[in-house]
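Peer 1: The lines below spell out each chain.
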Amino acid sequence: MSGNNPEDQKLNLSNALRILDNAGREDPRVAGDSPNAQLQSVIDALCDLSIHDGLTGLVNATFFHAVLTREIERSLRTGRTCGLMVLDIDHFKAINDTYGHATGDAVIQAVTAELKSSLRSMDTAARIGGEEFAIILPECAPEDAIHAATRIHSVLNPVTVRLEAGSVDLTASAGLVWTSPNLSVSSTVLLSEADHEMYRAKRTGRGRICYKHADSTMISRQERSALIMLNCEERFHGR
Amino acid sequence: MAAEKHEARRIAVISGKGGVGKSVITANVAAALSSIGRRILIVDADLGLANLDVILGVAPPFTIQDILYRGRPPEEVLFPTDKGFDLMPAGSGLPEGTMFTQNLAGDIESILASLEDRYDAILFDGGAGIGDVVLFFANLAHEILLVVTPEPTSLMDAYASIKILHQVYGRSEFLLLVNQADPDCPDQIGASIAGHLQSVISRYLDSDDHGLVRIELIGSIPEDPAVPHAVMRRQLLSESCPDAPSTFLMNQVADFLDRKFL
Numbered sequence: 000m001s002g003n004n005p006e007d008q009k010l011n012l013s014n015a016l017r018i019l020d021n022a023g024r025e026d027p028r029v030a031g032d033s034p035n036a037q038l039q040s041v042i043d044a045l046c047d048l049s050i051h052d053g054l055t056g057l058v059n060a061t062f063f064h065a066v067l068t069r070e071i072e073r074s075l076r077t078g079r080t081c082g083l084m085v086l087d088i089d090h091f092k093a094i095n096d097t098y099g100h101a102t103g104d105a106v107i108q109a110v111t112a113e114l115k116s117s118l119r120s121m122d123t124a125a126r127i128g129g130e131e132f133a134i135i136l137p138e139c140a141p142e143d144a145i146h147a148a149t150r151i152h153s154v155l156n157p158v159t160v161r162l163e164a165g166s167v168d169l170t171a172s173a174g175l176v177w178t179s180p181n182l183s184v185s186s187t188v189l190l191s192e193a194d195h196e197m198y199r200a201k202r203t204g205r206g207r208i209c210y211k212h213a214d215s216t217m218i219s220r221q222e223r224s225a226l227i228m229l230n231c232e233e234r235f236h237g238r
Numbered sequence: 000m001a002a003e004k005h006e007a008r009r010i011a012v013i014s015g016k017g018g019v020g021k022s023v024i025t026a027n028v029a030a031a032l033s034s035i036g037r038r039i040l041i042v043d044a045d046l047g048l049a050n051l052d053v054i055l056g057v058a059p060p061f062t063i064q065d066i067l068y069r070g071r072p073p074e075e076v077l078f079p080t081d082k083g084f085d086l087m088p089a090g091s092g093l094p095e096g097t098m099f100t101q102n103l104a105g106d107i108e109s110i111l112a113s114l115e116d117r118y119d120a121i122l123f124d125g126g127a128g129i130g131d132v133v134l135f136f137a138n139l140a141h142e143i144l145l146v147v148t149p150e151p152t153s154l155m156d157a158y159a160s161i162k163i164l165h166q167v168y169g170r171s172e173f174l175l176l177v178n179q180a181d182p183d184c185p186d187q188i189g190a191s192i193a194g195h196l197q198s199v200i201s202r203y204l205d206s207d208d209h210g211l212v213r214i215e216l217i218g219s220i221p222e223d224p225a226v227p228h229a230v231m232r233r234q235l236l237s238e239s240c241p242d243a244p245s246t247f248l249m250n251q252v253a254d255f256l257d258r259k260f261l
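Residue numbers (numbering that gives the first Met the number 0), protein chains in the order written: chain A, 0 to 238; chain B, 0 to 261.
So that you can see chain A by itself, here it is in the shape it has in the complex (with noise of 0.2 Å):
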């Protein structure tokens, strides 16, 4: 590292100042600060840069990814399962191909807006494609994950976005999926089965939201007995 010679510390900072004002970032150094905090005000502008999503503010892919690594690993230790939410919007494409990018950005803007509104503190939120949204539900049990998810999907359904062409009433798209405790998973693997969820919501109806049904949608043994226990005389006979 070069940063000991202070012309060099001087030629970082110009760079980094550079990086900053093209990602639209203001010089966050104040005026009156000594150097060395000042270096450290656009070091952390830097971090801040790297890790989240310009459009949006939430935080990027990859970030996400090492943010649902660490849950998954956290879920494994603890036994406690962790949620993770796909969210997409619906018919996106058509907003853009009929009111243009800009329109579309304002759109994904307004979104996020009532997203973040919707969050549990402890939740992540990132923006991990165009349209697309994920959320880490962190220590929920499947049926607590399945709750803070439809009361975020609630919110998005339907969104009215107000554009300067009038207003747009959306909806969203969402799959939820959780981890198993006894399971080592990729974030990967998880993230592309709570797109396998979510793209079965688009292809059921759209604005809809659907999650892994084998265990909360399983008939369990009460209600087999429940089921079975129907006076059998009456049913079968009629007497």
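I should point out that these hints are in silico values taken from the structure, not numbers from a laboratory.
Some, not all, of what chain A presents toward chain B, calculated at C-beta under 10 Å:
1. Ala200
2. Thr203
3. Tyr210
4. Gln221
5. Arg223
The C-beta atom is built at its ideal place from N, Cα and C for all residues, glycine as well.
Using the hints, position chain B against chain A.
Peer 2: Relative to chain A, chain B alone:
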């Protein structure tokens, strides 16, 4: 301002368990609705194991797979039956019937949308089970008609269908048709099954998150030798046994659907 587009009422006939009489009921109810002047289309929604053509005794030249995979216009695939309704046949045992992708779902939605203004109602004759195709068609429908028999396995599978359609797809209203009930007291058996199913549903499925689930019994059809007789002859009940009790009750079901939804 443009006139509002006509939207056919879509009714999915499903069961969970196979062999409970879904296709026979769909065909006979469609014929009854046609006989009172309704424009009806049946879509054979069992994409991999279609058999409505067998039940109706027809041999349509094309199937929905010809639209989906070979680009044939939907109008050419529609098969006008001599029973008064049209049939959108599906292929039987075709490998592509088992592959259900998002694109395929979108294509089917587009096909149905293009045909909507021709009909008052579109009936989906669903396959057995709770696979993606069954759930897709059920969820595409305005009304979901569940056919059950008094067998515990049928009841169990119907409950599983209701549970998944409610919890995953948010559906809360189901029509119930009991088939193959004891001919001595079909109404009593139908009411008993509906009441019991509703009580189990209320106990286990109703929740703040997903709302209440309600089933409505719309008929109870007795076990009737006229049905296998008609199926063997590949005829409708109204053709082979017009005076049979089950014929009368199929007509009643059609009347109910007509009064309530058409």
